[in-house]
Amino acid sequence: MENKGKKFLINNVVPIVILILIVAAIPISGLSNGYLIQEMITRLSRNSFLVLSLIIPVVAGMGLNFGIVLGAMAGQIGLIFITDWRIVGMEGILLAVIISIPISIMLGVLGGYILNKAKGREMITSIIMGFFINGVYQLVVLYGMGNIIPMTNKKIILSRGYGIRNAIDLKAIRQVFDRFIVLKVGQFTIPVFTILIIGVLCLFIVWFRKTKLGQDMRAIGQDMEIAKSSGIAVEKTRILSIVISTVLASIGQIIFLQNIGTMNTYNSHEQIGMFSIAAILIGGATAAKASIPNALGGIILFHLMFIISPRAGKELIGSAQIGEFFRVFISYGIIALALVLHQWRREQENKAERKKLMEMQLSGGDK
Amino acid sequence: MSELLLKIENLSKSFGENQVLKDINININKGEIIGLVGENGAGKSTLMKTIFGMPVIHETGGYGGSIKFEGKEIDFHSPFDALAAGIGMVHQEFSLIPGFEATENIVLNRESTKNSFLEVLFGDRIKKLDSLEMEARAGVAVGHLGVKMDPKTIIKEMPVAHKQFTEIAREIERENTKLLVLDEPTAVLTESEAEILLQTMKRLANEGISIIFITHRLNEIMEISDKVVVLRDGILIKEIETKKTSSHEITEWMIGRSFTESESIKKEEKDQEILLELNKFWVDMPGETVKKLDLKVYKGEILGIGGMAGQGKLGIANGIMGLYTTGGNIVFKGENLPLNKPKLPLKKGIFLVSEDRKGVGLLLEGTIEDNIAYSAIQIKDEFIKKYLGGIIEWVDEDSVEKNALEYIEKLEIRCISSKQTAGELSGGNQQKVCLAKAFTMKPELLMVSEPTRGIDVGAKKLVLETLREYNEKYGTTIIITSSELEELRGISDRIAIITEGKVAGILPPESDIIKFGELMVGIGGTNG
Amino acid sequence: MKTILARGGVIVAVLILAVFLFISGKEHAVFITNKGESYTPKKAYYIIDGREKEVRIKKKKKKREYVKGTNHTIEVRFKDIDGNEIKVSRKFEAKLGEKISINVALIEDEKRWITKEKIEKEKKK
Amino acid sequence: MDKIRNYIETMGWPRVIIALFLLSMYIIAPFVGLNLGTSISDTLIRFGMNAILVLSLMPMIYSGTGLNFGLPLGVEAGLLGAVISVEMGLTGAFGFWGAIAMSIPFAILFGWGYSQILNRVKGGEMMIATYVGFSSVAIMCIMWLILPFKSKDMIWAYGGSGLRTTVSIENYWQGALNSFFPFSDKIPFGEIIFFGVLAFLMWGFFKTKSGLAMKAVGANPKFALATGVDIDKVRTKSVIISTMLAAIGIIVYQQSFGFIQLYLAPFYMAFPAIAAILIGGASVHKATVINVMIGTFLFQGILTMTPSVINNLVKTDMSETLRIIISNGMILYALTRTGGKKNGK
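Heads up: the sequence lines are chains A, B, C and D, in that order.
Just add 3 to the spot in the first sequence (first one is 1) and you have the working numbering.
Just add 15 to the spot in the second sequence (first one is 1) and you have the working numbering.
Just add 20 to the spot in the third sequence (first one is 1) and you have the working numbering.
Just add 17 to the spot in the fourth sequence (first one is 1) and you have the working numbering.
A couple of the hints might just be wrong.
[To be verified] Below are the PhoX-like pairs computed for lysine-lysine, each with C-alpha atoms no more than 25 Å apart in a straight line:
no., chain 1, residue 1, chain 2, residue 2
1, B, Lys362, B, Lys314
2, B, Lys307, A, Lys354
3, B, Lys358, D, Lys169
4, B, Lys167, A, Lys10
5, B, Lys401, A, Lys239
6, D, Lys226, B, Lys401
7, D, Lys239, B, Lys395
8, C, Lys83, A, Lys174
9, B, Lys401, D, Lys167
10, D, Lys250, B, Lys400
11, D, Lys169, A, Lys122
12, C, Lys88, C, Lys131
13, A, Lys7, B, Lys171
14, D, Lys139, B, Lys395
15, A, Lys231, B, Lys64
16, C, Lys115, A, Lys174
[To be verified] Far from chain B by the CB rule (all over 10 Å, computed), these chain D residues:
no., residue
17, Thr182
18, Asp247
19, Ile341
[As the list claims (entries may be wrong)] If you want the ones that stay clear, here's a sample from chain C, every Cβ over 10 Å from chain A, calculated:
no., residue
20, Gly29
21, Lys79
22, Ser109
23, Trp133
Calculated from the structure, these hints are not laboratory results.
For each residue, glycine too, the CB sits at the ideal point set by N, CA and C.
All chains should be modelled from the sequences, with the hints used to inform the complete structure.
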């Protein structure tokens with residue numbers, strides 16, 4: 004029993020430490036509980052879809068997919084088009100999704116193909132891949148749109164006549180999902196429809212794990228060689244997992260941006276991978292294991308910290324900027340820490356495993 | 016019961032010029048257990064690979080003769096063809112997904128699924144798994160084995176025996192499995208576990224499944240097989256009903272008497288000063304585990320270590336050098352040698368010429384001369400020249416080259432120059448470079464593992480002669496580990512046979528070869 | 021084969037859906053003017069598509085409104101020359117590539133209350 | 018023909034393409050009205066600025082610790098040295114060498130801690146290095162705010178706490194390496210000579226016992242272990258040397274550039290340096306001084322030439338986008354190439 008408790012503590016060291024930090028910092032920050040709860044509702048509905056899109060590649064043993072920025076870019080391209088065509092409201096969002104899906108499938112296949120060539124170092128490769136595709140995205144959006152790709156809406160085109168402006172006002176679709184069905188409970192506004200969509204995604208993930216494809220992915224995630232020798236098409240399945248993740252991320256980015264209401268054409272996607280991954284890691288996920296509770300819990304912890312730390316910093320040291328940098332530090336630091344812990348723990352486990360095996364053999368031979 | 020299942024006729028296979036199998040004829044009836052025995056390199060695994068349709072067979076030009084399965088000529092291009100036809104194989108290494116339940120492993124990639132309307136759109140793989148059905152199937156398969164185990168256990172948390180059972184259950188769970196190949200299934204099991212497995216095999220055979228049972232434990236063969244097939248040097252020596260033979264006879268067939276007794280140079284008895292002593296020594300080297308073994312090495316002798324592959328003979332030297340996790344006790348020159356510290360044995364004058372020349376023995380991208388000098392530079396600070404009054408210590412390339420040239424001449428290393436990279440050399444010359452490296456270190460105890468593996472006859476002779484010469488000239492104690500008994504008998508003063516991680520016995524080289532064989536197959540006495 | 025057909029079907033369905041979304045979600049600009057020929061009301065009020073807020077348009081002013089989709093209604097109310105309250109609602113369709121102007125003052129005129137003209141393609145580059 | 022193809026194969030297509038691209042830039046330059054001399058001199062100046070940063074990647078590649086995505090850590094050590102030197106009011110050569118001397122202890126300390134992390138995550142170094150680098154930048158941002166610096170040239174003129182985002186060193190040690198050479202504004206002799214000295218030291222180091230051990234650890238860890246080399250120790254050494262060189266590298270960069278860039282500036286510094294060494298022909302496991310030189314020259318050449326040439330050609334500044342695509346494309350190429358092979362076993 005005691006052992007179990009200890010194991011739980013060790014396995015969840017990251018979320019527990021962060022939780023303690025937050026609990027300590029809430030009173031210092033002087034933010035009211037009501038404000039925090041409302042913020043959490045908003046941020047959960049805004050970010051969950053993106054963070055959840057990370058889960059499937061983890062199941063397939065490909066680590067945390069920084070390649071979701073590829074999906075985010077696809078989503079943004081969808082949004083640029085509907086803004087250009089002036090398709091508004093629910094129709095606009097749905098059309099943006101429809102446009103972004105084929106793009107994200109393409110990018111996902113490309114990403115999966117690249118990651119298959121970098122087995123064992125998928126994460127760093129997916130980061131660089133994100134940077135690389137970002138360059139291509141810039142090429143298309145900044146130089147191609149309005150030039151090669153016709154654009155009609157002068158409002159989103161740079162004054163030089165081509166290229167999309169830095170910021171696009173998405174007021175035509177702003178919070179369309181969030182306001183579609185709204186529930187007011189006391190002082191809180193709950194965007195029921197968005198939460199429903201997220202719920203459907205959660206169900207999808209639960210269901211997906213139980214399909215043949217999901218089972219294959221789990222098998223590949225645990226041991227690629229054995230999966231291969233049992234006849235599972237390893238490479239293809241890995242590509243599929245990245246495609247699914249990328250498509251989900253594109254939808255996630257659209258949900259994210261409809262909530263925010265403006266889009267920074269060249270920045271909105273950049274931080275998405277990092278923030279989503281930091282969130283899921285804070286929630287206790289590792290590069291080899293990630294669940295829906297990890298994702299949702301992680302978002303709450305990460306964003307609580309996000310809101311609180313600048314305020315706490317200001318109250319404590321008199322500088323909001325320090326809190327701000329502290330927040331950045333935590334975001335990056337937590338990824339580093341979680342990865343180090345994971346790798347180290349896995350090594351320890353392997354060692355323990357070997358030791359156990361050896362002892363068994365020794366005592367077996369000794370009888 | 017005498018229905019013919021597999022018929023192998025005039026099967027031959029060669030890799031390049033090397034004939035590995037020659038005119039093999041075997042008949043296997045339904046429900047029969049065939050014991051397949053032979054020394055390392057006798058052709059057992061090639062035979063199995065051929066039957067199982069491993070791609071390597073095809074890539075190297077296919078095979079001659081014919082294999083008929085259920086009366087039909089077969090020519091599998093991949094193991095999946097073999098599986099589909101009804102041949103299952105359990106390899107020596109587990110191929111189970113560690114985090115899955117036994118059930119999931121048993122039905123791996125053959126899971127039962129429920130139909131789904133999405134199937135039309137996304138293909139078969141979108142179907143949901145039918146876990147009840149899967150459990151039922153796994154239950155039935157495990158039931159056939161006649162063992163008690165919970166199919167819901169996670170593989171990671173299972174005892175080894177259960178993993179083995181899971182593997183077998185997976186093979187027989189295929190609806191049409193008719194022939195099962197078990198490659199050393201008892202090697203990792205304790206005696207009592209092995210006993211259960213043997214019972215299971217009998218049960219399966221009674222149910223009509225034929226089994227090819229590969230093992231080095233002759234008593235197991237005697238116990239359960241209907242027929243024994245002995246291979247030696249790629250030739251089928253004997254195919255005989257088990258009843259009609261004895262383990263002694265089988266050993267004779269395996270080892271063969273055809274050797275010309277190699278002339279062994281006897282030395283006069285020296286005073287038996289102990290140089291190295293191993294007590295309850297164990298080494299966790301994957302595939303070559305050493306299990307609490309005791310061994311004494313006398314000063315100035317050449318000790319041969321032999322045994323079948325996978326029995327742990329290679330683990331000893333690697334363990335002494337601290338390259339794998341080690342336990343027990345090493346006493347060298349009367350002093351306790353701390354374990355798992357690779358630098359210490361080197362400093363004390365022990366050196367290993369590794370069996371893994373390319374992986375451990377050499378820096379393939381490094382030049383010959385660098386390779387030879389490397390250890391001496393790192394351990395003994397040799398070949399270092401001081402510049403500017405000792406501020407800068409650079410490697411003295413001239414003396415490195417001089418040393419290398421000396422050995423190139425002495426050992427007849429064939430190379431363009433001493434600056435050639437080691438990776439470009441042939442196997443034999445690489446081995447000579449490894450020896451040169453060892454000699455440069457001037458060790459007190461030189462361990463050489465598989466010194467002649469993969470090198471041509473001429474080089475082989477030279478390597479062995481050099482070792483013997485070195486031993487005589489400098490009085491260096493040498494432990495030579497080899498799979499080739501003949502070679503050990505030619506050079507050693509004493510030969511220890513390692514079986515299942517322990518010393519099965521130590522014999523003088525001129526002992527009857529059958530004695531060695533019996534030690535290897537675990538039926539000889541134990542006087543370790 | 022079946023799979024290919026099904027996938028093809030889905031793609032076609034999605035394309036149709038996309039076209040539908042494009043049409044029904046397209047935002048059109050509608051220009052509202054208040055400029056009669058003989059009489060122009062000082063103030064007129066109109067409601068488009070039953071929106072909550074009534075918009076007031078002064079004499080000789082022009083306003084731009086955005087409407088989404090094809091079918092729309094406009095409800096106009098003002099006082100006529102005699103001071104009588106006039107209330108008219110009209111239906112109109114917004115189509116791609118048309119510029120729609122509605123003249124509130126002429127709302128009673130069956131024909132002339134609305135004018136549609138083809139928009140020239142945005143100036144070529 | 019076969020020979021050429023063979024040569025290209027060993028070089029790798031991307032490198033050949035990049036080299037040809039740069040060559041075509043130099044050829045086009047005069048036609049679009051650019052002065053070739055200025056172009057080359059620009060390239061050389063940037064070469065001088067960046068070469069040591071690129072060189073700093075070498076030891077870690079040698080010891081098998083991978084591409085040092087944690088380069089910002091060393092850069093931060095260099096920044097610390099630089100601001101301390103300015104704080105002390107050191108000028109000229111004195112200031113420059115003072116900055117280096119000041120930064121070395123920090124670099125050793127940071128490098129040691131960094132190596133302790135990396136030694137525990139063998140096989141996953143690059144990913145973790147990236148985030149160690151990022152977090153170090155964030156934590157140093159806090160330091161720039163709270164460290165008690167007083168120099169008027171560095172703190173905000175009125176109000177505000179902490180250091181400025183960019184500190185000019187014009188009055189301190191800008192050009193300290195170059196100024197006594199002729200044509201110092203055209204050809205950065207000082208920097209090139211300094212780089213040469215460091216490169217020579219590096220070459221010399223790999224001739225010593227520990228240098229040899231480092232090579233072995235990277236080339237074949239099993240061999241190194243069997244030879245009694247303490248792998249962790251060697252890796253620690255390589256990480257510390259890399260970190261120190263990165264610190265020196267950034268100080269050289271600043272003395273040429275004229276500014277110390279604090280806060281978020283070091284964030285992405287690792288990527289161009291890594292891209293440069295890869296373009297020069299290095300791989301995740303192998304790098305030479307020649308790779309460093311060729312790579313820095315090619316990469317910086319492209320950075321200087323593309324904006325001006327493309328700008329003149331199509332009247333569009335696509336250089337930033339091209340830089341992103343080229344540098345990350347190069348890293349991606351390197352990662353996918355050796356990745357497949359190494360994990361094939």
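Against the structure, the hints come out as follows:
no.	hint	result
1	B:Lys362 / B:Lys314	18 Å, holds
2	B:Lys307 / A:Lys354	20 Å, holds
3	B:Lys358 / D:Lys169	55 Å, violated
4	B:Lys167 / A:Lys10	22 Å, holds
5	B:Lys401 / A:Lys239	58 Å, violated
6	D:Lys226 / B:Lys401	12 Å, holds
7	D:Lys239 / B:Lys395	20 Å, holds
8	C:Lys83 / A:Lys174	20 Å, holds
9	B:Lys401 / D:Lys167	47 Å, violated
10	D:Lys250 / B:Lys400	23 Å, holds
11	D:Lys169 / A:Lys122	52 Å, violated
12	C:Lys88 / C:Lys131	23 Å, holds
13	A:Lys7 / B:Lys171	18 Å, holds
14	D:Lys139 / B:Lys395	29 Å, violated
15	A:Lys231 / B:Lys64	18 Å, holds
16	C:Lys115 / A:Lys174	23 Å, holds
17	Thr182	42 Å, holds
18	Asp247	7 Å, violated
19	Ile341	34 Å, holds
20	Gly29	16 Å, holds
21	Lys79	30 Å, holds
22	Ser109	23 Å, holds
23	Trp133	25 Å, holds
In summary, the structure is inconsistent with hints 3, 5, 9, 11, 14 and 18 from the numbered list given earlier, while agreeing with the others.
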